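Join the two chains, each given in its own frame, into one complex according to the hints.
Respectively, the protein sequence lines represent chains B and R.
Going by the numbering used here, the first sequence opens with residue 6, and the numbers climb by one from there.
Going by the numbering used here, the second sequence opens with residue 902, and the numbers climb by one from there.
Everything labelled a hint here was simulated from the structure, so no lab data went into it.
Remember, predicted model here, so these are calculated numbers, not experimental data.
Don't take each hint at face value.
[Claimed, not checked] Chain R residues, not near chain B, derived (Cβ > 12 Å throughout):
1. G966
2. M980
3. R1013
4. N1042
5. P1046
6. L1187
[As the list claims (entries may be wrong)] Only pairs whose alpha carbons sit at most 25 Å apart, straight line, appear in this in silico DSS-like list of lysine-lysine:
7. K955/R x K125/B
8. K318/B x K82/B
9. K82/B x K1010/R
10. K342/B x K318/B
11. K147/B x K125/B
12. K125/B x K354/B
13. K33/B x K325/B
14. K318/B x K375/B
15. K375/B x K63/B
16. K83/B x K1010/R
17. K125/B x K152/B
18. K318/B x K920/R
[Stated by the list, open to error] Some chain R residues near chain B, calculated using beta-carbon distances under 8 Å:
19. V959
20. S963
21. V965
22. N968
Idealized CB from N, CA, C, for every residue including glycine.
So you can see what is in the structure, the chains are spelled out below.
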Amino acid sequence: MRKFVALLLALAMTLTIVSIASADETGKVYYLNFKPEADQAWQDLAAEYTKQTGVEVKVLTAASGTYSDTLTSEMEKKDAAPTLFQIGNAEGVATWGDYALALDGTDLINEMTTADFNLKNANGETVAVGYCYEAYGIITNKALLEKAGYTVADITNFESLKKVADDIHARAAELGFDAFTSAGLDGSSSWRFSGHLTNMPLFYEFRDDGITEQPATVKGTYLNAYKNIWDLYITDSAADPAKLSTYTGDAAQEEFATGKAVFFQNGTWTYADLSAAIDPANLTMLPIYCGVEGEENAALCAGTENCWAVNSKASEADQKATLDFLKWVVTSDEGTKMMAEQFGPIPFKNAKEPENVFFKDANEMLAAGKYVVTWAFNYTPDVDNWRAGIVSALEQYSAGSADWSELEYAFVDGWAKCYEATH
Amino acid sequence: MKRKGRAAAGAVTSPLIRKPIQRWFAVFLLPTFLCFCIGFLWPFIQGIFLSFHKFTTVSNTSFVGINNYLKAFKDEGFMHAFGFTALVAVTSLILINVLAFAVAFALTKQIRGSNLFRGVFFVPNLIGGIVLGYIWKTLINSVLPVSMSIQAEYGFWGLIVVLCWQQVGYMMIIYIAGLQAVPEDMLEAARIDGASGWKTLWHIILPNVMPSITICTFLSLTNGFKLYDQNLVLTNGAPMRRGIGMTEMLALNIANNFTTANQRGVAQAKAVLFFILVTALALIQLRLTRSKEVQQ
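One chain only, chain R, in its complex shape (with noise of 0.2 Å):
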């Protein structure tokens, strides 16, 4: 393995290979380029750009100034969403981490049908997110007393138990990778040394499985600001209180603006403002949870 491995890099520092890509790089460079151009920049530009402006359509706009973010902040119904969608965002959080945790934890140890119990974990996941509300909707709202649209805190761990279902699987897979990935000599080594099985969990795995949390963490908290499809289907903002939708979450609040009249380049400046949030806040955990991680 080692062998055909230094060959390879060394053929790619060959000019005779080096040479060409220095040459035609651009060929296989510039469709993606264009792709990620027609997709993601332009799209991004003319977001930024629009939120400085009324508009109904993207060809006829009328520049505002900062009209739209003053707008967005004075808006109760989008403050509140912040502080709901922060709270849903931190709960799953935990929950969907320690959670997929624990099973991987539990899975990788010699269990019969192992296998099987991966699968099943892991198949919530490839539901799509309108389907799977609606099923939980339905099965959730005929247990409880009132339903979830009446009351705001079955609405709030609806969303949870909803979240948790689908996310933990998934997670459970990236910490399973981890788990056995720790080397087994450093085990062995804390066994004979005699470490309790909660110290070598502490001090062996959960350092050296660091990297699998990084990622973790950081799909679950964006994907926990991101949400939209269950929250519309689960809920879809309601309760009303006092004409502030008790569960209405961030990307919710933006996409129900954006219909109302003369308001899209408002709900256009609220998008701007949550990219920036979910983008500082990635941010900001990926450096807290890179630093823990440890070089094997």
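Next comes chain B alone, as it looks inside the complex (with noise of 0.2 Å):
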């Protein structure tokens, strides 16, 4: 008896060591997913990976807002940390280059079209892969804009684009509608402006100096154009520039979707709520325009701050598993159907076609031979800090308690003691 309890003991024991170690060989993925949005998404997918291969995929969304803070309690799991993660720029390559696997030459890169959405660290390793991107300008409504008497064809460089808006705002009473939307600065729409229009300046000044990564210094040439267009939306706009900070983002969207205001400046993932109140056919998106010179070629800004990164502590067999799932995400009939519904266009080759009319003008001006604005501001160091110190100065010069100098001072010096802070 007692011989037969010591078998039987033996072999339970050498089943669990088996069972741990084919768990280990297999590995297993845990996907610390971004977008709250997308969630319901990315479970499907990852059950139906299951299904097919027997790979054990988690996937976990941080709440909206969170991600950072659920990624540093996520990561102290040594076990049990996600295999996959997101870093979204520079300075998110920075906080979790240590944790990021390089990436060259795995079959997931050899399936991407382009590498412009990728980040590198200081070796020059991909680290991590741009998986989708967006682009973003200046939303137009053409049937407000043809009852105001223009066309799109009227605005091809900021002195045109200047020439309408002014008409349109000196008009607005009689035509029941304004230029630009609210140029809200609360929280919930600074980022149009902190982030997403002080690439202008930025990419025009890389383009420029010939920068390919993040730089120590800034210099802040192309500012008076900043301010060019800063001025137009502040302007050429019902709201009140002394209150700025009191209008937030779904503000602005409901001004535009209402019909109140005929250029909304956002990008590409306002498609589906602003299809829903505007027809599609009267949608379009046009460059951000600020009086630089050449800008008549510019295309939309097209980048993305969602990029993939693998856990380079995880075990070697999860890391591999990981891979194996991304390669199946982005090759897959169900992957690359899933990812074009949730994130439009993606950068690989088996990418199914998105409906989304941005999307279709950005193709139609990079057919036309126009030059990308890409995402200069993914080198961002200390990005809140920095976009924080724009924010004030904006608001401040828009109340007209502060002069330009102090936006000047937030960009240019600021850059530098954001970097400095961080390096």
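So this is what it looks like as structure tokens:
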């Protein structure tokens, strides 16, 4: 009897070891997802993958605005840390670079159509893969524009944009709508100007200076262009420039959706909401013109803050399982379908066509040989603090309590300070 | 009452009860002690440990000596936050206590509906800082010519108004308890001797409510220094002038610093300095006001 029990125990132990070993061999995937709105799609896709291959895929979604905190606490779990996570920009690489596996030469990278959206570390290794891209510009209501007596073709640079906008603003009472939506500086809206709009001076400066990695300092060569467009936004709009911090992002979107303004600076991600309110045939996206020479040839601002990174501290089996899963996501029918629905166009060979007129605009401009304004703001050091400085300067400048030099300081000196603090 | 009290005291010293307590005290003490260690002692020690390290996650750190502290002292924003915090704390300390004492004094006089008034004054204290801050932000900004995040002076007085509104009621309750404990015979003796209202207040009432003043000044001083949520909602440190948040207080500065890449160690060092500062101030203040207390 005792022998039998001993045998049974030994057997049980061996089985346990075998099962642990086999679990280790196949590895598992744990994805810490960044976009709450795509949570269900990821859960379904993960379940589908597990059904097909038997590999365990866990997807956890951080609540909106808490990704960094969630990632920090999840990474503390030595054996159960995410194997797949998200890095958004150069600052993310500075923070999480130690945890990001170099991905050069993997099947995933070989499936890509462009490396433009990937992030590299200081050694030049690709540590994060830009898996989708977005574009932004000045979203325009063509129907209203025509009502005011203009067409999209009339706007080809800053001068013509200003002419049209000034005229619409002057006749706002008679027309029943204004040129621009409110340039709100509430936290829900300010990123459109401290992040997206600052990309214009950054992009042109980096283009002139041939900058391809995060610089320690910037010069602000094109800040006059930034001032041009900002002045236009706050002048040709119904919003009170002294109270911009009280205008939210939702407010601006609603002004546009209800036809109170012709122009709305935002991106492809608003398509679902806007097309529900306005006939997609009347929607188009113009490049942001700000008075830079040659800008007639500019296309939309395209880039991403959505990049996958694989945890370099995970076991090799888990890393392999993760890479296999990603390859399946960007090549399989189920995966590419979900990606097209949730993320629009993705830079992979097997990508499916999305329906979104803004992306069609982006593609047409590219086909016409215009240059992409890439997301130069992804190099921003200490993003939150740098942007906070810009927002505060814009707010004071617009209310008239500080002059433009405050913004120049926030832009140029602020950059140097933020760089120094994080390096 | 007195007999009962003495009997209870006798029971504790009786060997019948003392023996088991001596033997089993650990059972009663250990769970709490354990919680104290997990919730306070260990994080505190680890916090000090981390302030000497560079880290992103706490399980992966590298030692950098006192570098974090040097960086903290070199940070102009932190130094400005220190000055601004001190200003807010001292102003609010004075205003809150004067107002709370005045309200308490008025409400201990026999006026109609004083219970209702006590309730009304106390309620603001039950509302969370973020909600309260948000409502006040909307209110204040709608009456100002420009919002608080543009004019630092507005931001400062906005903070003071919110702090007073929230804390006066709480301190009032403590002062009411203190005022009610002023011995009636002393007041009566003062009245018979013909002391004026001011003299009674100054020489009889104030010395007798000194314990309340000690606790109230302690609370309002530390509350002022540790303030975070109202500061976050009202101005979030804005306006920025030359890269420095003009209305950024210490706790907000530390929290903002923590979310900066590669700055977590510096934020941790600041937090340690912050702890030392608040503790030192609180101890000094306690010593100063305690020495004025009288034995009844």
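Structure-based check of all given hints:
1. No beta-carbon of chain B comes within 12 Å of the beta-carbon of G966/R; the shortest separation is about 18 Å.
2. Every CB of chain B lies more than 12 Å from the CB of M980/R, the least distance being 14 Å, so the non-interface label holds.
3. Look at R1013/R: its CB is around 41 Å from the nearest CB on chain B, clear of 12 Å, so calling it non-interface holds up.
4. The beta carbon of N1042/R sits about 6 Å from the closest Cβ of chain B, which is not more than 12 Å, so the claim that it is off the interface is violated.
5. Once the 12 Å rule is applied to beta carbons, P1046/R is inconsistent with being away from chain B; the minimum gap is 7 Å.
6. Non-interface call for L1187/R relative to chain B: holds, since the shortest CB-CB distance, roughly 36 Å, exceeds 12 Å.
7. This hinted pair checks out: K955/R and K125/B have alpha carbons roughly 22 Å apart, not beyond 25 Å.
8. With a C-alpha separation of about 11 Å, the suggested pairing of K318/B with K82/B holds against the 25 Å cut-off.
9. Proposed proximity of K82/B and K1010/R is contradicted: the alpha carbons are some 60 Å apart, above 25 Å.
10. Under the criterion of a C-alpha separation no larger than 25 Å, the hint pairing K342/B with K318/B is inconsistent with the structure, at around 31 Å.
11. Restraint check for K147/B and K125/B: the C-alpha separation of about 40 Å exceeds 25 Å, so the hint is violated.
12. A distance of roughly 21 Å separates the Cα atoms of K125/B and K354/B; the hinted pair therefore holds under the 25 Å criterion.
13. A hinted pair counts as satisfied when its Cα atoms are at most 25 Å apart, and K33/B with K325/B qualifies at roughly 9 Å.
14. Proposed proximity of K318/B and K375/B is contradicted: the alpha carbons are some 42 Å apart, above 25 Å.
15. Proximity of K375/B to K63/B is assessed by CA-CA distance (about 42 Å); at most 25 Å being required, the pair is judged violated.
16. With a C-alpha separation of about 64 Å, the suggested pairing of K83/B with K1010/R is violated against the 25 Å cut-off.
17. For the given pair, K125/B sits about 48 Å from K152/B by alpha-carbon distance, which is inconsistent with the 25 Å threshold.
18. Among the hinted pairs, K318/B with K920/R is inconsistent with the structure: their alpha-carbon atoms are about 55 Å apart, more than 25 Å.
19. The restraint placing V959/R at the interface with chain B holds, with a minimum CB-CB distance near 6 Å, inside the 8 Å limit.
20. Evaluation of the S963/R hint against chain B yields a violated restraint, the C-beta minimum of about 10 Å exceeding 8 Å.
21. Evaluation of the V965/R hint against chain B yields a violated restraint, the C-beta minimum of about 14 Å exceeding 8 Å.
22. Evaluation of the N968/R hint against chain B yields a violated restraint, the C-beta minimum of about 13 Å exceeding 8 Å.
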